[in-house]
Amino acid sequence: MTLSVEEMNKQLPIANALPGEAVPYYMASGEGARYEIDGQLVTVIARAADTGGIFSAAYISGGMGAESPFVTHRIEHKTLYVFDGILHVWLPGESRILTPGDSVVIPPGTPHAYRMASHYTRFLNWMTPGGAEAYYERVGTPIDSHVPPVHAGRKPSLREQAEVGAEFGISFPDVERVAPSLQQNAGRPATQTPYFLSAGEGERMVSYQTMFTYLSRPENTGSNYFAVHTKGAKSPYIPLHFHSEHTENFLCTEGRMWLYANGREVLLTKGDFLHAPAGTVHSFAFDSHNTQMLGFLTPSVFNGFFEYFNQPTDDYMYTEGGEPYMDMEGFGRAQAEMDLTVVGPPPQRRAALDI
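Each residue of the sequence shown is one higher than the last, beginning at 1 in UniProt numbering.
It is worth saying that the hints were derived from the structure and are not from the lab. Please note that the accuracy of each hint is not assured.
[Stated by the list, open to error] Here are the simulated lysine-lysine pairs, DSS-like style, with alpha carbons at most 30 Å apart: (1) K78 / K270; (2) K10 / K270; (3) K155 / K10; (4) K155 / K234; (5) K234 / K270.
[To be verified] Cβ-Cβ distance ranges computed for the label pairs, FRET-style: (6) G332 / P236: 26 to 36 Å; (7) P236 / G109: 37 to 47 Å; (8) L182 / E245: 18 to 28 Å; (9) A162 / P189: 25 to 35 Å; (10) A15 / T193: 32 to 42 Å.
Bear in mind the structure is a predicted one, so any value in this text is a computation, not a measurement. Beta carbons: idealized from backbone N, C-alpha and C, even for Gly.
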């Protein structure tokens, strides 16, 4: 069942459970449908059933040497974003050593593989559209643990992986692995091609005590989504608003932040996730110094919003302090021209006022 915008406005977020329908929900770090695959923990935080088929997402974590073979997705566009540890990622003819904040964008049809190179590595696997996350359920073993197993359990054979993968357009090509290297990757291509992006790199814009960095744009993702990293000082809620044509997804990567969604306040810390489908009335506030979050917006109709009231910069950090300001004229134009409906002033903080 698809809810109207008016119906979505009234849906209180579900907490720590996959809802099975496209409604607002929150997942604390570690919560989700959990499977073990060859010593790795796959924690699914969004399925096609939870997002109206738009996307799926999972955290994958494991110890030193945990890896995947080369895999190719015929349908899904992927972004891998490192939260913890060290991750080696291979593409045809190249490889990188990725650390927290680094990412790699992988269009459909691109062979890729990874190996974990620290005693605890965790990365986000974002896939658009949703559906292929069911592969984990088919080849993995359901587990209750919220951390990777000490010893690997059942390892699916390559034949089993290939047979199940074929049902989802997933194949396992034989591709040579080149030696991984540690590089600073600053460029974002203008076409839909695979690329690595180092932490802090990307097109950056600043406003008062805040910096926005594009990790991907519609031209990189076939207009399916774009990703933006936000960091900033402690700040109050922004005006209450909703979107009619796109879904907004929040992942806290550092610090802590409050999210207001349809009347409920939720505290997010590192690894926590909130899904706000179109029609969700929401706002957010940063509640610690240099809080950071990752946002995936899908489809990409909201691309260009941040340019309305922020200034391009070559700096890598916002300036703290100074006189508060906001380009209200630019924000007004954004309301008139973008998928943005402001419904009220910033909400008043009500929860946990003593922290």
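Results for each hint:
1. A hinted pair counts as satisfied when its Cα atoms are at most 30 Å apart, and K78 with K270 qualifies at roughly 21 Å.
2. Distance hint between K10 and K270 is fulfilled; the C-alpha atoms sit about 27 Å from each other, no more than 30 Å.
3. Restraint check for K155 and K10: not satisfied, since their Cα atoms lie roughly 44 Å apart, outside the 30 Å limit.
4. The suggested pairing of K155 with K234 is violated, with an alpha-carbon distance near 45 Å, which exceeds 30 Å.
5. The hinted pair formed by K234 and K270 meets the criterion: a straight-line CA distance of about 16 Å does not exceed 30 Å.
6. Distance hint check: the CB atoms of G332 and P236 are about 20 Å apart, inconsistent with the given range 26 to 36 Å.
7. One distance hint, 37 to 47 Å for the beta-carbon pair P236 and G109, holds here, with the actual separation near 45 Å.
8. One distance hint, 18 to 28 Å for the beta-carbon pair L182 and E245, is violated here, with the actual separation near 40 Å.
9. Distance hint check: the CB atoms of A162 and P189 are about 31 Å apart, consistent with the given range 25 to 35 Å.
10. As the Cβ distance of A15 to T193 is approximately 39 Å, the hint placing it in 32 to 42 Å holds.
Hint violations for this structure: numbers 3, 4, 6, 8, all remaining hints satisfied.
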